[in-house]
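Student: Each chain, written out:
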Amino acid sequence: MQFDWMKIPYAFLTLFIVVNYGLLVTALIAKIAARVGRRHGIPIYQNYFDLIKNYGLRSSITHGVMFYLGPVFRLSGGVGLLLFVPSIYGSYMFSNLSFSGDLILALYFFFFGTLGMALGAAESGHPHAAIGITRGLSQVTAAELPFGLAVFSVALQYQTLSITDIVAAQQGSILAWTLFTNPFAVTAAMLSFLGSMMRPPFDVVLAPQEIPIGPPTEYHSSYLALMQTNRVIFPIAKIVIYMNLFFGGAADWPTFFLKVFLIYMWSVFVGVVFPRFRVEQSIRWFLVWAVPVGVLSIILL
Amino acid sequence: MVNALYIIVAALTAAFLLGMLKEERRATAYAITLATLAFMTWISVSWVWAFAQEGAAPVEIFTAGAVPPFAINLRMALPEAALTLMVNLSGLLAAIYMKDSLFRLGRSAMAVFLVAVMAYCGIIMTRDIFNLFVFFELVAISTAGLVLLSEDERALSAGFKYLIVSQVISIFLLLGIVFAYHATGTLNIDGMANASLGLLAGGTISFFMMFIALVAELKPFPANGWALDIYESAHPSYSALFSAAAGTASLYAVDKLLLIGGAEWLPMATGIGIVTFIASSLLALPQTNDRRQLGYSSIAQMGLVLVVLGQRDILGDSTPYIAFGLLVSHAVAKAGLYWISGLVAGRELTDWAALRGHPLLIFAFVSFIGMLSGLPPFPSFYAKWELVRFLAGEGRIALLALILFGALVEAGYLFRWFGYIMKRAAPAEPISCTPHQVTAVVAAVAAGWALGYLWGDLSGRSNLLLVLPLLFALSFLLLDWLPAWVKNTLAIAGMLAFFAFTFAEYDPLRLIFAVIILVGGAIILLASYDAHGRRVGFYPAAMLMYAGLAMLIRATASFDFFAAWEILTVGSYFLILRGKQSEPHALSYIIFSLGGAFLILTGFALAAQGAPQFDIASLSHLTAPLAPWVFILLAVGFMTKTAAIGLHIWLPGAHGEAETDVSPMVSGILLKAGLYGLFVLLMTMGKQQLYGVELTHVMLWIAALSALLGNLMAIFEEDAKRLLAYSSIGQMGYALFGLALMNHLGWLMALMFVINHYIYKSMLFLAAGGVAKRTGTRDMYKMGGLITLMPFSFIAVLIGIIAVSGVPPLSGFGGRWIFYNAILSTDYRLPLIITFFAGPIAFLYLFRLIHTIFLGQLKDEHRKIKEAPFWIVLPQMIYVALLMVVAIFPGIVLRRVDTYLNQFFPEGGLNWEGLEISSNYGYWNPVAIMIVVCVIFGTLFAWLLFVNRKAQKVKQFNIGFSAERPYRPETTHFAWNFFAPYRKALGFLVQPFVTRFWGALTDFLHTGADLSRRLYNGNGQTYAFHFIAFVIIVFFVRMGV
Amino acid sequence: MAYIAMATGFILILIGLFGALTNRNILRMIVAFTVADTGVNMVIVAIGYMHGRTAPILDVAVSAAEAAARIIDPVPQALVLTAIVIGVGVTALMLAYTYKLYEKKRTLDIAQFTELKW
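Line by line, the protein sequences give chains A, B and C. Each residue of the first sequence is one higher than the one before, starting from 434 at the first, in our numbering. Each residue of the second sequence is one higher than the one before, starting from 2 at the first, in our numbering. Each residue of the third sequence is one higher than the one before, starting from 451 at the first, in our numbering.
It is worth saying that the hints were derived from the structure and are not from the lab. Computed from a predicted model, the values in this text were never measured in an experiment. Hints should not be assumed to be uniformly reliable.
Keeping only pairs whose Cα atoms sit at most 20 Å apart, straight-line, the calculated EDC-like set for lysine to aspartate or glutamate is [claimed, not checked]:
#, chain 1, residue 1, chain 2, residue 2
1, C, K550, B, D153
2, B, K985, A, D437
3, C, K555, B, E154
4, C, K567, B, D616
So that you can see chain A by itself, here it is in the shape it has in the complex:
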């Protein structure tokens, strides 16, 4: 795969579609979750209003360079992750910037935003930010492990690290999806998925009560707006990887929207039912329940 200049506007197009879809779908999900709790919930356009308001706010302070750059790192991570992965299978237009690297690039770029964000939040000097980060990092190490194992299992299964090739291998029938050809890997990955979606039972990192919203504590106005933008892009970007690896990818946008929504809903289903874990509990949970499944998927291959 090679670079050509047309990819840049196309990449912007993908970004535009995903941002709007993300704004809507996160609001929808918030509303669904509220309804489960017998609350009314936010209107579907609420995210647009929030974003515009926050970008418009002019009262802003900074705690230093890293603090200022934190949200930039965060959003670059989200955008980069989205663009390093082809969104639509078989489409040149929406293959994005995937010529830069394969699955491993995406896997490691996960951490770009996290790391930058953590650094920025930490410079604020707010202990809650630091506590939130330690919790988040602690949890993510255990939560990512089953996913890593699943990815490895899938790469072994298809003997490639190229996302496009992995999707290509799952075409034909629904039974060709990794979900059916390698169910253990998918199970492990989907359990891991719960850990990274900031929903119960694994949301102590951003827990609203104990720690006023964790790492972003000190962020406000346009910083917050950047992070909110990321909050709508990042889950989608991540789900795209799950979709491509395990659920046959998407050959067109409607399939894309549907699959992403359904995968997203998995975490919501679990989230509205279960109470919250403490960090050490969730570490143990992932190691005890999810990791063995991942190990199994590798051994049985």
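Given chain A's structure and the hints, the job is docking chains B and C onto it.
Tutor: This is chains B and C only, laid out in the frame that chain A set:
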């Protein structure tokens, strides 16, 4: 040529002459003594010269105008000449050293001294067994006299105990002699040997009695309490003579006796020797008295040489080379150490801290313990190599293991002692020395180095003292008076010049190591410009390490490789020891390293199968069943240097406590020596199986566990440099993992780790060191908020942690990408799971490192600190640039190696098309990644600047915190026990099991030795009992066998 | 005759050793050692003895020509002389030591001189 009999004649004449002098004319008496000793020495020298250089034939000296067996005869040949030279020279130096004591005691003491030296020479030269007895009795009497030279009143009882035991010994000796005479009809040793004493009636028992009596003079365990008491209480210069000359003479007597006994007594000699060696080495462990410890060491060395004599059946013609190599090293070192002990006022080992501040004496001490531990370039090193080669070649592995164990224990307490000298509080009393005392010590040092040269010359291998890098390193000993910056410039220039001259000789793999060692070492040395003053001792040590490393990668023969390995080990030990608190850590480092080195030594020796020359490349010709064992020995040896889990406990302290510019050297560069060794091992030997177990598979597990546990231990560490040190364990685990994968990409990944780890770990250690220098602490929770005060250090750490964690777009990602591609083509999947877990854990400690130091709340006491010194920041910035270059163009280093690796693994290499790098599985375009990330980041940054251009910097405590405004940084900076939840969840994994294991082992040895040494209860009668018990045990062992 | 001498010599050696190892008084130990020394000397002489021969002195009774057949082995006797001389020297030295030791501690108990140990 002067007749050798004049050695004896001169001493006796002078002794009588002294008796006729007036008591007051002490100066004359002393002059006569010295002149006589000098004359005796000269005779020996002339004979040594005649035999060694002119090839003279051995000379028999007949007395009383008759030939044996009717008269006594003596012999002068090369061994006798060399041994009498040792005796006479140490006698001369001892007399010079104890001038004051001899003056105090007068002519009679001098006469007795002369008689003692004469008697030692007599023991060496005589070929008559009864004459031997006479000389031994003369030694006994003169020893009892000379012990009284000591100012220590306790020497009196020591001398008496000696007399008691010597009485018992002489009874045995006499009975043995007379029965042997009865059986053979001659008293001549050669005559007895020809008569095959053992075959005659009563021959065995009579030989047994003679043998046991002479062996008893070597102070075998347990019949040696008397000797220890003498060592402890006698005048140090006499102890020097007692150790160097008496031991030498007795050994030669036993050697002569073994001629009579023949081959069947050799195992007995070996057995007694090895028991003595091990027992004395162990019993020395809990010693605190310096002279007694030296006594134990002397006894142990005697035992070792006895083992060599007992192994004559396999050593053959090499016996003298080996035995003399050990013996002269021992004699010179022990004499020197006893002489130094006379300069130290206190008798505790820790009192030797008084030597600090006397570079010459420190150098002497180091030379001496190097000789005793068998380190290059001293004779004992060559001897050790040869001994091990023969033992391994003949399959005497148990004996070999025991010898190396004893040697390790001995090295352990010697280096512990050196640690005391360098690190313990100096005692109130400074050392007192007179010029003649120093003369003796200096002469011993010079002799030691000269002998090192001689042995190298005789070795038939490369003479280490002619190897350029080592000479360069040693030359810094002479330049130590120069200011540090001059030496630093010289060092950098030397390393770069050496690289420039040898540049073309390396293959791509070695080239990478060469660049890291020589050029990389030079970059780290830039930080050393920060040091002021003369920095005595730093450059010889550092250059020794670099010399060893440079020699290591250039070595092709196993001997050169091993020598280089020991040199770099010793050099790095001295470097590490320079840290303020690093005494215990340097000790555990040297013990683990020497242990590992011994394994390597054994591995090479086994592989050589007795062949005198063995190229490392020939490792590939080895076959089972030998090959897997060689593999294990070498692999474990190398893994001690890479601090694989289980062998890692030395690393955190050693790297953490080292000086600011030393930490990057020992972490960034030295660890690579182990990896280089493993590279070489795997390149030559490849996969090996033992009992059906794939050994590289085992390595994979070790590597994976190292990666996981190293990282886990790092996240719970409060000390910044220790955190980095633990992280090295994890990183080395990754590199080892890549190697053990045994495929093309695995090795490429290992190499990528070699490069990356050098860059970012050096950078991070320098940054952490710089911060520690400014804040005065290494505890991270005491810091915080330093980002604005130390921006360059912050940038270095930031870039460093991004690179370490493998996040794109920096160079760490390349390593990870190759890692994933490498593991896709391996069959071993389970260990991978552990490394998968280890990866993200790195984020935890890295974040902790940057957050607790640079982010969060600035402490009041740090408000005025400045950026780290220029010279410490400069290399960091070079590393930042390097990281960027490696990140964008990994091809400039990797591509050639990739091609080079094709000869080992033709399959699975990378494709380098344009800017894209692809494997069989995936692809990666570093330039594109860098551009994409930068563009996205830049765009968003511009956007934020646009919408948020009026952001105001607020003050430190301007945060909303539980509805209050905090004001104390200590309570607001969240840093201590940072990952508490992690400890709750997984803390059980990092319980210090390994530390406890090694601790329990050393405690066991110590406590065991402490209990056992109560055997020597100080009662002369008990000592006589010990001797009788020894006789009975040996008798039954001998008859039982 | 020779066997009796030799047996006596060995018995003396054993008595001497036993005495030296069981008596804690230094003087008694020295005496015991001299007893053992005497035993050793007796053994040596006994070994050199040959039945029916005469003393190794060349005089009227034994001419140089027939000496080899008529005299006993002279070497052990020479050895004994040397051994006796050395024994005297050592004993004297030990006695001198004893004197010094007694001066220092006012005791002759060997068990009291154990300040050097371990």
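Student: Hint by hint, note whether the structure agrees.
Tutor: Comparing the hints with the structure gives:
1. K550(C) - D153(B): Within the cut-off at roughly 14 Å; holds.
2. K985(B) - D437(A): violated (51 Å)
3. K555(C) - E154(B): holds (11 Å)
4. K567(C) - D616(B): Violated - the C-alpha atoms of D616(B) and K567(C) are around 50 Å apart, more than 20 Å.
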